[in-house]
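Protein chains in written order, with our numbering: chain F, 1 to 618; chain G, 1 to 161.
There could be a bad hint or two in this list.
Partner residues are not named here, just some residues of chain G that face chain F (Cβ under 8 Å, in silico) [stated by the list, open to error]: (1) L89; (2) V90; (3) I135; (4) A136; (5) L140; (6) L143.
If you are wondering where the hints come from, they were derived from the structure by calculation, not from laboratory data.
Ideal placement from N, C-alpha and C gives every residue a C-beta, glycine not left out.
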Amino acid sequence: MREQQLQTILRHMPAGIATLLGPELRFGFVNEAMQSLLGGDTPEGQPLADHLGVLAADLLEVMQQVYSSGRPYVAKAYALPVAGSDPTSRRYLDVALEPLQDDEGQPQGLLLFAVDVTGQEEARQRAHELALETRRLDARLRVLTETAPQITFSIDAAGQFEYVSPQWYYFTGQPPTADVNAIWPLLIHPDDRLRVLYQSDMARSSGIGWNFEYRLRRHDGQYRWVLSRALPEHHAPDKPVFWHGAVTEVHDQRELAEALRQGEAELRFLADSIPQLIWTASAEGFIDYYNQHTAQYTGLSTQELGPTGWVNLLDPSEQAGAARRWVQCVASGEDYEGLYRMRRHDGQYRWHIIRARQLADARGPRWFGACTDVDDQHRLREVLQTQYDELARTNRDLDTFVYTASHDLKQPLFNLRGLFEELRSSATFHDPEQATLLEMVDDALLQLDGTLQELAATVQDQRELAAPTEELDLQSVAQEVLLGLRAQVEEAQATIDLDVAAAPTLVYGRANLRSVLHNLLSNALKFAHPDRPAHITISSSLSESGQPRLTVQDNGLGMTLVGSAGPSFLLFDRQHPGVAGAGVGLYLVQRIIDSRGGHLEVGSTVDQGTTFTVYWFE
Amino acid sequence: MYPKRAGRGACYQMNHIVYMSRAVRPLSDYDLQDLLAQCRRDNSLHQVTGVLFYSHGSIAQLIEGDPAVIEPLYDKISRDGRHSNVMQLVNKPIAARSFPDWSMAFHPLEAKGFATLEGFFMPSHLPPTPDTLSIADAMLIDLVRQAVFGADEPAAANLTA
Numbered sequence: 001m002r003e004q005q006l007q008t009i010l011r012h013m014p015a016g017i018a019t020l021l022g023p024e025l026r027f028g029f030v031n032e033a034m035q036s037l038l039g040g041d042t043p044e045g046q047p048l049a050d051h052l053g054v055l056a057a058d059l060l061e062v063m064q065q066v067y068s069s070g071r072p073y074v075a076k077a078y079a080l081p082v083a084g085s086d087p088t089s090r091r092y093l094d095v096a097l098e099p100l101q102d103d104e105g106q107p108q109g110l111l112l113f114a115v116d117v118t119g120q121e122e123a124r125q126r127a128h129e130l131a132l133e134t135r136r137l138d139a140r141l142r143v144l145t146e147t148a149p150q151i152t153f154s155i156d157a158a159g160q161f162e163y164v165s166p167q168w169y170y171f172t173g174q175p176p177t178a179d180v181n182a183i184w185p186l187l188i189h190p191d192d193r194l195r196v197l198y199q200s201d202m203a204r205s206s207g208i209g210w211n212f213e214y215r216l217r218r219h220d221g222q223y224r225w226v227l228s229r230a231l232p233e234h235h236a237p238d239k240p241v242f243w244h245g246a247v248t249e250v251h252d253q254r255e256l257a258e259a260l261r262q263g264e265a266e267l268r269f270l271a272d273s274i275p276q277l278i279w280t281a282s283a284e285g286f287i288d289y290y291n292q293h294t295a296q297y298t299g300l301s302t303q304e305l306g307p308t309g310w311v312n313l314l315d316p317s318e319q320a321g322a323a324r325r326w327v328q329c330v331a332s333g334e335d336y337e338g339l340y341r342m343r344r345h346d347g348q349y350r351w352h353i354i355r356a357r358q359l360a361d362a363r364g365p366r367w368f369g370a371c372t373d374v375d376d377q378h379r380l381r382e383v384l385q386t387q388y389d390e391l392a393r394t395n396r397d398l399d400t401f402v403y404t405a406s407h408d409l410k411q412p413l414f415n416l417r418g419l420f421e422e423l424r425s426s427a428t429f430h431d432p433e434q435a436t437l438l439e440m441v442d443d444a445l446l447q448l449d450g451t452l453q454e455l456a457a458t459v460q461d462q463r464e465l466a467a468p469t470e471e472l473d474l475q476s477v478a479q480e481v482l483l484g485l486r487a488q489v490e491e492a493q494a495t496i497d498l499d500v501a502a503a504p505t506l507v508y509g510r511a512n513l514r515s516v517l518h519n520l521l522s523n524a525l526k527f528a529h530p531d532r533p534a535h536i537t538i539s540s541s542l543s544e545s546g547q548p549r550l551t552v553q554d555n556g557l558g559m560t561l562v563g564s565a566g567p568s569f570l571l572f573d574r575q576h577p578g579v580a581g582a583g584v585g586l587y588l589v590q591r592i593i594d595s596r597g598g599h600l601e602v603g604s605t606v607d608q609g610t611t612f613t614v615y616w617f618e
Numbered sequence: 001m002y003p004k005r006a007g008r009g010a011c012y013q014m015n016h017i018v019y020m021s022r023a024v025r026p027l028s029d030y031d032l033q034d035l036l037a038q039c040r041r042d043n044s045l046h047q048v049t050g051v052l053f054y055s056h057g058s059i060a061q062l063i064e065g066d067p068a069v070i071e072p073l074y075d076k077i078s079r080d081g082r083h084s085n086v087m088q089l090v091n092k093p094i095a096a097r098s099f100p101d102w103s104m105a106f107h108p109l110e111a112k113g114f115a116t117l118e119g120f121f122m123p124s125h126l127p128p129t130p131d132t133l134s135i136a137d138a139m140l141i142d143l144v145r146q147a148v149f150g151a152d153e154p155a156a157a158n159l160t161a
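Using the sequences and the hints, build the whole thing.
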């Protein structure tokens, strides 16, 4: 009965139990747990070698040796494939091999006892892998710590360094044997030392981290600004044990920042010193800075002016336009420029030029503006403009007077000539000298008529000086003019050569060109030599500087030139008193050419001829 | 309908505050619709009116009312976690309300359904900046509109005067 009970217990034990009998190791008792381990193929009385199942040959060999030697053996964490499942999955067993002996000590068989230790084994393997990973991470952290361009350190609650990375030695130039605790404080700049020691002590005693900058002596003796930061490591709440931190060199950044601050302060000082209204605006167009002069001029603070309040300073009639233009400029980035009246603190409006330009760089667009007081200049300009207008009006009045006078004198002259003709035909003169006198009066009357006509023409031409320019065909204009001079051409029996092929067109005022041509040609015809038929050559060409020029050459009387630069033709300056003409022609030509930015040259030999060269433009 | 309070404006001092900010996360149609409803509901109780512009994370808002109401309201708005970089542009007395009805303008992802929403405008259909504003304030609103919606949307109508 008890044996029965024992059998039942053994059969249901959660560990595998089996007996293998005889040198062939035949299956004896195999409990359920062992059967499931071996895959169920455990026929009683059959040798194990024929039904190895999942067991490996090496275990059979060990069993045989245990059997023959009689010494027990425990195979620890023996890996066994799980029967009837994924071939890679394993379970781990501690297999105890106990030799069974009879009373004489002769080997009888083996007792197999297998305990599943898969859980423990897997945990052990995991722990092993974790240890490997930890070592790897540790190595990586060390490499990172020791290659980063900063000194890392750990310090305990008492302020003793637990660890200092090799960078400390590189930076300070101290030997590896140096006592960090003793030397570090000595390397801090004397002016910073007390502050640094106090701040780090305070941080440690209150259990918080720190973050401060100080100067640390480098290996070359130079003090460099460094940033020291550390955080506490808590082992229990509120009770830090270590502080871990890093010291980074920030010397260059600090100097740069200092230079920037300095530069900005200087620029601001500069802007505040300028006696103009200077301001800056954000990308959106809101004014964010006004210089001191703005406050002085307007009597308003930056706060009172606000981001758009400047527009209130302008003359009310100009506010809407100025605001609209500013909104457009902010949208397009175009320069803002305008002339506005701006109200001073005492209520007086003064003219200002407001200019603003957008600066677009990596920091994003900003606006810089200035309002320049041009009130004095503006008023001066207004005065000058008024005077100019007055002068221009007076000039016009004079022209009108001359024109009217010449016109009004024509009628009495006409009457005079009529009366004179009447007198000559009805009266008889016996003295031959009186006949000459009559002729001289006739001539004088003719000249007076000519002068009046030319005076009227001068005023007419002056008005046309400012006429618009257009592209003109020289050939056709010259032919028109010659058509008008047909009578004179016939009288002088003149041959006219016209050659404008080298520069056939000219951009000029039409009336001006006609006037120049008319005067030069009528001049050439007028001063034709009485001994030979006139020959006039008109040619248009390009000067050395590529500008068009016109040459009018004749074979007439010629004239004496005074001075090397050639004559300047003053009004009513007669070159040939013997020839009829008012002397207005050449004066007009010179005036027209001068007013259009050109000049007139003349070459002449008495009794041979004259050459006029018109340089239309310089 | 929202009661007109312009007539009562003279009885107590009135200020307007304009600010711009950036949304921490882009606001969805639903967020904006919700915000509009909330503004119209809450602010009508305190006689606060105004306008809100939103586009691509940029927010601009004008609120007008009793400074004793809108200043604490602005403080609350500026601490709201849904936006950051809150920049107050102006806080000053005004003679009368310019936005007597609460309104809002933004580009909805789904235009459908927004057309009929009370107080909502497509940015392109936003009415011109009211001429009750001073020229300096109208310019401020036009610059704000331009900053939120870009220069393409037509701005500035009263400045053409």
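Right, here's what the structure says about each hint:
1. L89: holds (5 Å)
2. V90: Hint on V90(G): holds, closest Cβ of chain F at ~6 Å, below 8 Å.
3. I135: At 5 Å from the nearest chain F Cβ, I135(G) passes the 8 Å test, so the hint holds.
4. A136: OK, holds: A136(G) within 8 Å of chain F, min 5 Å.
5. L140: Holds - the Cβ of L140(G) comes within 8 Å of chain F, reaching about 4 Å at its closest.
6. L143: holds (4 Å)
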